[in-house]
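The lines below spell out each chain.
Number of protein chains: 2
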Amino acid sequence: MSAIEINKESVEELISLITAQEQDELLPVLEKLYPADIAELFDDFNLDQAVYIASLLEPQKKVDVLTELDDDVKLKFLAGYSNEEIANDFFVYIDSDDAADILNAMDTTQSKEILRTINDKEHSKNIASLLKFPENTAGALMAKELIRVKQSWTIKQCTDEIRIQAEDVSKVYTAYVVDEFEELLGWISLKKILLSRENQKVEDIYDSNIISESTYSSGEEVASTMQKYDLVALPIIDAFNRLVGRVTFDDVLDYVKDEAEKDYQMLSGISGGKDTSDTVLSNTRARLPWLIVGLVGGIASSLVIGGFEEELARNLQLALFVPLIMAMAGNVGVQSSSLMVQGLANNSITNSDVWGKLGKELLIALINGLVCSGLLMGYGFVSGSHLDIMMTVGLALLSVILMAAVIGTVVPLALDRLKIDPALATGPFITTSNDLLGLFLYFMIGNAFLG
Amino acid sequence: MSAIEINKESVEELISLITAQEQDELLPVLEKLYPADIAELFDDFNLDQAVYIASLLEPQKKVDVLTELDDDVKLKFLAGYSNEEIANDFFVYIDSDDAADILNAMDTTQSKEILRTINDKEHSKNIASLLKFPENTAGALMAKELIRVKQSWTIKQCTDEIRIQAEDVSKVYTAYVVDEFEELLGWISLKKILLSRENQKVEDIYDSNIISESTYSSGEEVASTMQKYDLVALPIIDAFNRLVGRVTFDDVLDYVKDEAEKDYQMLSGISGGKDTSDTVLSNTRARLPWLIVGLVGGIASSLVIGGFEEELARNLQLALFVPLIMAMAGNVGVQSSSLMVQGLANNSITNSDVWGKLGKELLIALINGLVCSGLLMGYGFVSGSHLDIMMTVGLALLSVILMAAVIGTVVPLALDRLKIDPALATGPFITTSNDLLGLFLYFMIGNAFLG
Chain H
28 MSAIEINKES
38 VEELISLITA
48 QEQDELLPVL
58 EKLYPADIAE
68 LFDDFNLDQA
78 VYIASLLEPQ
88 KKVDVLTELD
98 DDVKLKFLAG
108 YSNEEIANDF
118 FVYIDSDDAA
128 DILNAMDTTQ
138 SKEILRTIND
148 KEHSKNIASL
158 LKFPENTAGA
168 LMAKELIRVK
178 QSWTIKQCTD
188 EIRIQAEDVS
198 KVYTAYVVDE
208 FEELLGWISL
218 KKILLSRENQ
228 KVEDIYDSNI
238 ISESTYSSGE
248 EVASTMQKYD
258 LVALPIIDAF
268 NRLVGRVTFD
278 DVLDYVKDEA
288 EKDYQMLSGI
298 SGGKDTSDTV
308 LSNTRARLPW
318 LIVGLVGGIA
328 SSLVIGGFEE
338 ELARNLQLAL
348 FVPLIMAMAG
358 NVGVQSSSLM
368 VQGLANNSIT
378 NSDVWGKLGK
388 ELLIALINGL
398 VCSGLLMGYG
408 FVSGSHLDIM
418 MTVGLALLSV
428 ILMAAVIGTV
438 VPLALDRLKI
448 DPALATGPFI
458 TTSNDLLGLF
468 LYFMIGNAFL
478 G
Chain A
28 MSAIEINKES
38 VEELISLITA
48 QEQDELLPVL
58 EKLYPADIAE
68 LFDDFNLDQA
78 VYIASLLEPQ
88 KKVDVLTELD
98 DDVKLKFLAG
108 YSNEEIANDF
118 FVYIDSDDAA
128 DILNAMDTTQ
138 SKEILRTIND
148 KEHSKNIASL
158 LKFPENTAGA
168 LMAKELIRVK
178 QSWTIKQCTD
188 EIRIQAEDVS
198 KVYTAYVVDE
208 FEELLGWISL
218 KKILLSRENQ
228 KVEDIYDSNI
238 ISESTYSSGE
248 EVASTMQKYD
258 LVALPIIDAF
268 NRLVGRVTFD
278 DVLDYVKDEA
288 EKDYQMLSGI
298 SGGKDTSDTV
308 LSNTRARLPW
318 LIVGLVGGIA
328 SSLVIGGFEE
338 ELARNLQLAL
348 FVPLIMAMAG
358 NVGVQSSSLM
368 VQGLANNSIT
378 NSDVWGKLGK
388 ELLIALINGL
398 VCSGLLMGYG
408 FVSGSHLDIM
418 MTVGLALLSV
428 ILMAAVIGTV
438 VPLALDRLKI
448 DPALATGPFI
458 TTSNDLLGLF
468 LYFMIGNAFL
478 G
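If you read the sequences in order, they're chains H and A.
For what it's worth, the numbering used here labels the leading residue of the first sequence as 28, then goes sequentially.
For what it's worth, the numbering used here labels the leading residue of the second sequence as 28, then goes sequentially.
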């Protein structure tokens, strides 16, 4: 629930105010809007309109709007400014992690130029230090801005330090306690600082039970640690146990949401985290490879059926149930594989209980297979189909369901053991391989029973 | 990264220490473990072992372990205690939202009995007030515990209030400012309280720009508001603008993760948020309905092919490409529908740009269709297939891809307009309907071209 509703009418009204440069009317509206709202409006503005609105905002709010923009809009908007302006109008007010994200999206020449131009050399060095971490590591997710206090300090000194840092560190929940070598010792909550006497010593009251991750931990590990322990911020340490940054809950929330979207799309046969607003070309690139997997599978299927062409000519009714066999093989395979992929991602499946999981999936498949085959035979009886055809199809269906459950369970586990992302095995991949094997099994059984 | 690694060996070691009641050896280990770690261990303990470990923990930590347990383990564990113990040993230390979750999972007789038995009547009333909200609303997600300050107070009074509430409100990030009617006026961060002079008035420094949601907002709205505005906690108000609770980031992180898992499973044809550790029966129940959808679709497909039996007998080669046509129809349909479902869930698609989205999906489908048909014809040429068959299959493939894109785009949008969750239209549902229409189109084209 925001102060001002953003809809088609309000956007049009704003654009006409911008065109007329009605600063006096715009200012109170902008005052009421949060950075995230203004960022949303930028989707509907052209570059001139966006730059004009930005010029009316106070420096910190202007930067907050920038960091809230979608990645592609961000670069388009910054194209309205010189490198000098980006370095010293924007980057002074920006957290190191957000700055590093922007530089990572730019070409190297421009990002180097901007880093060189930043007047605050300390800030520039902080940002540069984040650029060296590979994508999707704790190092790449973390920000350098945090409150760091020494164990020997008093609470009064902590408060003074927070006062000094207050401008740079926008969100303070915790102060991290370090020793003289910058090694992380523990933490102290803002609440505890507030409620303690000024002359109390940090070393007497800080909490040495502290959870941290190393800079090379994966984004997945950071997210699951923060979720497991309900942490609002997670300190990140280097190989020498020195405190180098922190990841905050908002970054993790975005990360979890992005990853979930990517997994969902992988299951649908779309790579790389697309949304409907991406270009036709990039959408095609993300989908075509999976369609070609399906196409190759389809051609292979035609060869399998071609191999049974004589049997098919003798028993044409076998052709009628090809779609049924394929659909069921695909559905069961996707059900089993997606639960495996989720379980592996959650670490709720360990390699030690592979046999247990497989047995359970087989049992579920057996129940589902018996019910589905039973229903199919019932339909065959009611519709007056040939008994031998329906027996064949029913038996094939049961076998195919069991086979699909085995493949759906084993393939993700095997990929995981080979250190390949098991999510790759969901969607079109598992459907295609199950189609092929299912058809083969179906015609084999048909051949054996119908001759 | 936790202090002690939990693995098969350490669990066995712990169980043998429990069996021998080696309290002196267990205490330092438990001291080192976080509540979330101990909760994880409970999965491997029987009831007696869990109750023994709980008896060694200090009261607050015991409750923290309880709230970290999975829902089913939670009830099993509490079966080891009387209602009186649950009410006054556990619930005194538990946040209202966590208590309400537990009561919701119990049968009504037990939950009423526990509520009646709680000695702290204020706390009991708070918990009871949460039970009335429907699942998946802000009211059901929120906790009553928060720091509430009056606009007329000084900073000193705020600090005193935080000190009084410190035991009940474990996580303090923000104090909410209310007037004499409990109406929400604004907020003040803990950092600002810490850095302000003791005699400063709240009304002079609090921030009146505050984002809130009503008790009847959906969980989805709460999550997207907190994510959009990067909020560590979101105040919840009633119909009279009175502050009644707050939702914190950790609840939202769990919510987002659970919802993503449910959507993922829906796409795989599994209902209701299962994991591999659920029972065989509940897993079967979650999957069988979708398999029956597929089965009915398969039977319908057999009727479609049966209707073209004569054409098929004349051109048996048409049967070879049934799997290819079906697989491609399914894959394209799932690609289009899943992007639509995600876009609708994110509010990034509005009803006004339906035609634009449809046009774009058709363009993408046209490119993908041309490429796939081209590849298929190329294969036909190389493999020396009959030209007329390959032309027919190629044209049918292109048509089926276009059709699947239209269905995949339109069905979720239509469901959304009918206020039905569009996620229902993904997975087996879209695959099955595309299979049917695709086959029909295929044989129609085959019939027209091959006679």
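A few of these clues could be false.
Since the list gives no way to pick out one identical chain from another, each pair is judged satisfied if it fits inside one copy or across any two copies.
Dumping the calculated DSS-like pairs for lysine-lysine here, alpha-carbon to alpha-carbon at most 25 angstroms [claimed, not checked]: (1) Lys-255 x Lys-198; (2) Lys-183 x Lys-59; (3) Lys-148 x Lys-228; (4) Lys-228 x Lys-101; (5) Lys-198 x Lys-384; (6) Lys-101 x Lys-289; (7) Lys-384 x Lys-88; (8) Lys-198 x Lys-219; (9) Lys-59 x Lys-255; (10) Lys-59 x Lys-384.
No lab work stands behind these hints, which were simulated from the structure alone.
A quick look at each hint next to the structure:
Taking identical chains as interchangeable, the C-alpha atoms of Lys-255 and Lys-198 lie at most 25 angstroms apart whether they share a chain (22 angstroms) or sit on different chains (16 angstroms). In this assembly of identical chains, the alpha carbons of Lys-183 and Lys-59 never lie at most 25 angstroms apart, being 36 angstroms within a copy and 30 angstroms across copies at closest. For the identical chains of this complex, Lys-148 and Lys-228 are neighbours neither inside a copy (33 angstroms) nor across copies (38 angstroms), given an alpha-carbon limit of 25 angstroms. With identical chains, the CA atoms of Lys-228 and Lys-101 are never at most 25 angstroms apart, being 45 angstroms at best within one copy and 40 angstroms at best between copies.
In this assembly of identical chains, the alpha carbons of Lys-198 and Lys-384 never lie at most 25 angstroms apart, being 44 angstroms within a copy and 39 angstroms across copies at closest. Only within a single protomer do Lys-101 and Lys-289 lie at most 25 angstroms apart by alpha-carbon distance; the minimum there is 21 angstroms, versus 32 angstroms between protomers. Within a single copy, Lys-384 and Lys-88 get their C-alpha atoms no closer than 52 angstroms, and across copies no closer than 33 angstroms, so neither meets the 25 angstroms cut-off. Taking the shortest alpha-carbon separations for Lys-198 and Lys-219, both the intra-copy value of 16 angstroms and the inter-copy value of 11 angstroms come in at or below 25 angstroms.
Taking the shortest Cα distances, Lys-59 and Lys-255 sit within 25 angstroms of each other only across copies (16 angstroms), while inside one copy they are farther apart (36 angstroms). Proximity of Lys-59 to Lys-384 under the C-alpha cut-off of 25 angstroms is found in neither arrangement, the shortest distances being 55 angstroms within a copy and 32 angstroms between copies.
Consistency with the previously given hints fails for numbers 2, 3, 4, 5, 7 and 10, ordered from lowest to highest.
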